[in-house]
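Undergrad: So you can see what is in the structure, the chains are spelled out below.
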Amino acid sequence: MSDTHAQTTPFVRETMVPQAPPPAGQTGAVRWLRQNLFSTWLNTILTIAGLVAIFFLLRGLVPWLAHSVWNANSLSECRQIIADRWGPDATGACWAVVRDRWTQWLFGFYPRELYWRPVLALALMFVAAAPVLFPALPRRLLVLSLLYPFVGFWLLWGGSIWTPVGGLVGFVIWYGVWTALASRAPFIGVVLGFLLAVFWWLFLGHDVMRLISDTVPYGIQSVRSDRFGGFVLSLTIGVAAIAMSLPMGIALALGRQSDMFLIKTLCVGFIEFIRGVPLITLLFTASLLLNYFLPPGTSFDIILRVIIMVTLFAAAYIAEVIRGGLAALPRGQYEAGDALGLNYFQAQRLIILPQALKISIPGIVSTFIGLFKDTTLVIFVGLLDPLKGITDAVRASFDWKGIYWEPYIFVGSIFFLFCFGMSRYSMYLERRLKRDHR
Amino acid sequence: MADAVERPKASFRPSMLIYDTRYRSLTIQIVVFALFLAGAAWLVDNTVRNLAVLGKTFDFGFLGQRAGYDIAQRLIPYSQNSTHARALLVGLLNTLLIAVLGCLAATIIGVIVGVLRLSSNWIVARLMAVYVEIFRNVPLLLWILLIYTVFTEASPAPNAFRPDPTTGEADRSMLLGLFAVTNRYTAIPGMSVEHGLGALDLGLFTLNLTFAAIVGVLILSFVARALVLRHAAAVQEATGRRPRTWWKSALILILPVAIVLFALGFHLNVPELRGFNFVEGVNVSNSFMALWLALSLYTGAFIAEIVRAGILAVSRGQSEAAFALGLRPRRTMSLVILPQALRVIIPPLISQFLNLTKNSSLAIAVGYLDLRGTLGGITLNQTGRELECVLLMMLIYLMISLIISGGMNVYNSRVKLKER
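Chains W and R, in that order, give the protein sequences. Here our numbering is used: position 40 in the first sequence is 40, and no number is missing along the way. Here our numbering is used: position 378 in the second sequence is 1378, and no number is missing along the way.
Note that these hints are calculated values from the structure, not bench results. Glycine is no exception: its CB is placed at the ideal position from the N, C-alpha and C atoms. One or more of the hints may lead you astray.
[Claimed, not checked] Here are some chain R residues pointing at chain W (derived, C-beta under 8 Å):
(1) Leu1141
(2) Asp1164
(3) Leu1402
(4) Ile1403
[As the list claims (entries may be wrong)] Coverage of chain R stretches by chain W, computed from C-beta distances (three or more under 8 Å per stretch; other residues unrestricted):
(5) 1118–1126
(6) 1131–1137
(7) 1144–1151
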């Protein structure tokens, strides 16, 4: 009978059950803890191990940082202060060394009254980089980016203004010849312009500029390369090498993908050679061997030599990164370029490279980060890098003899800020340039 | 039948060398090649002239001269009276030693950290992220110097391990009773055999027969194990049931070596404080320890990211499908996830191994005499042969790099997805 009853009188609920909160074990912090820290026994063990590790890290670090001393004139004074305040057995950080010598870590032995020049060069670098990094800005501002290398060089090294102008004139000649012949014979224009520019740089420019500087002498105090040091040196080498290695890397990558056997062989040989040897050997080449390879009597600036070698080094790595980007492009993109009747350069510029470079951004930026970190290796050819060069210089002074951790932590945090910032920027760029909706 | 379209007359104008795509690539290649040769000739000519001005010659005769300097860590016999060539060999072996040990440790660290960073455990995942970010974004040189400082400054003198005569208690005790970290060296247990097989003199170096015997037995064991596994696979293909092999593998791998070691009278020499220093064991210099730890931790951070990316690259559907088929998590990992992840992981892993090997040249910072320290350091300074030394050093590093990448590429082509 119960069957018929169930079918004749339907059950209709007339009142709603009031909403109840989830059980206490399933909400808030407890649930989070259960899910993230104690879900399984393995997880629990890991949590406990993690907590123990954090405890041991903090046990040493926290008192040490809490006992920091910022005002002192020497390490012994620091230790005295710490002993006075927290007892004879206490240890503490002596940040006074950073407060005392931070200018040296930033500027090396750059003349004190001229600190504004590297600072201004750095500020102008952001101005010059802005049109490249942010496409929303008007394209005309790119002129600033092109002019910046000469301005930056002049600000950093000083000397007569006519030296960088002389370099600039060569590019102006090149550009002028190219635009003049662009409509009739673009290829010849580029080559002829380049040859004329080289002729100007090698033979004519020096004398003409000396003549001008004799009649209209204008210059600022020049700073020799051995006064450079610290982060000014790192940034100079890093930024110059980054700026020059990107175009060179693109050229090498395209060369490696080329159908022309000789070009391909040369590019592969260059890339494999550079990637196969440590940077230190290349720096040694810069400091010891370059004089052998250049005409007798030539000697040029050690920083310039290092920049050249670091550029070659980075370019080989970037070439491989970009080759990956080129290889990742679907074949159809190349065919589309051909189908539209574009020539090689047009297809590369308008279709291939924008996409390939977008794919390669993470790799390129990590190469840049590596390059910036590797600028510390210049200590091995006698330049004062911030990490070992300047730190050793500071520790050599009687006041700060025996200090270890603080300088390394200070320099390490600055490097960390730079590199971490760069990696975050590349992530931002990747997201912004993302075109596929996956 | 005649051609429908009359062919243009084959006339050749010089301008076609530039504007005709048939000839242009040839023109460009010839020009580039000529420029390359001219550049190379210019460099060589400059070098020859510079060497003439300096009164130097270009020969490697200096390699046969007496070196006259000491190398603290050496894997083959070496003394001050040995030649520069032998010093080079010692340095090269030191480089290879640190490279092999570093790659091993870095891989282990990297795999563990990479997997833990994906762990669902919040604390562990964050800790690993902090480790990776800190190590990746700070120059390697800093880690080498910092760890070297830890060893030389923060560790106790060997004397601290001496028990106090009155209380019988020492300031420090040895780790597990086997290791002692001091501010001069790290004492680790040494290995020795009672009935050694002697050594075979091969001219350039001597072959330690005891060592060779152990290695030979190990190789034979691995071959035997491979045969057992192949047999198991054949049985599985034929019957669908895989025989249990783990105990056979374990037996084959362990037993022969154990027998050989026992026959040779193998025993560990635990370091012991006698006089002012630890004796009996092996004293590993602090520079080696600092370099090895720093290289492994630094490269490990990079490898961790590679491993993480590799695991994330395997789509979720793959593991879900494996679970749906009833595979257990461990088998899913070993049969489905790992083979696919490895394809993504191996190529960047190779370049990390290469990086580690090249970065080992930073040994200069802590005074570890590797290839760069011997050939590119003391030998170079003593003989004044910059050109020969640096070129030779570059060539050797290049060879090492090419061999590593060649070997790993062979491995890569074996594990990669077979496709048409």
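Undergrad: Return the status of the interface hint for Leu1402 (chain R): holds when the least beta-carbon distance to chain W is below 8 Å, violated otherwise.
TA: Leu1402 (chain R) check passes; min Cβ-Cβ to chain W is 6 Å, inside 8 Å.
Undergrad: Mind taking a look at whether chain W covers the segment 1144–1151 of chain R? Criterion is 3 or more residues with CB to CB distance under 8 Å.
TA: holds (count 3)
Undergrad: Hint validation: Asp1164 (chain R) versus chain W, beta carbon distance must be below 8 Å. Holds or violated?
TA: The hint is violated - Asp1164 (chain R) has no Cβ within 8 Å of chain W, the shortest such distance being about 20 Å.
Undergrad: Are there at least three residues in the segment 1131–1137 of chain R whose beta carbon sits under 8 Å from a beta carbon of chain W?
TA: Check passed, 4 qualifying residues.
Undergrad: Is the interface hint satisfied for Ile1403 (chain R)? The criterion is a beta-carbon contact with chain W at less than 8 Å.
TA: 10 Å, violated
Undergrad: Taking 8 Å as the Cβ threshold, is the statement that the segment 1118–1126 of chain R is covered by chain W upheld or broken by the three-residue rule?
TA: With 6 residues close enough to chain W, the hint holds.
Undergrad: Double-check Leu1141 (chain R) for me: the hint is only fine if its C-beta lies closer than 8 Å to a C-beta in chain W.
TA: 5 Å, holds
Checked against the numbered hints given earlier, the structure breaks hints 2, 4 and satisfies all the rest.
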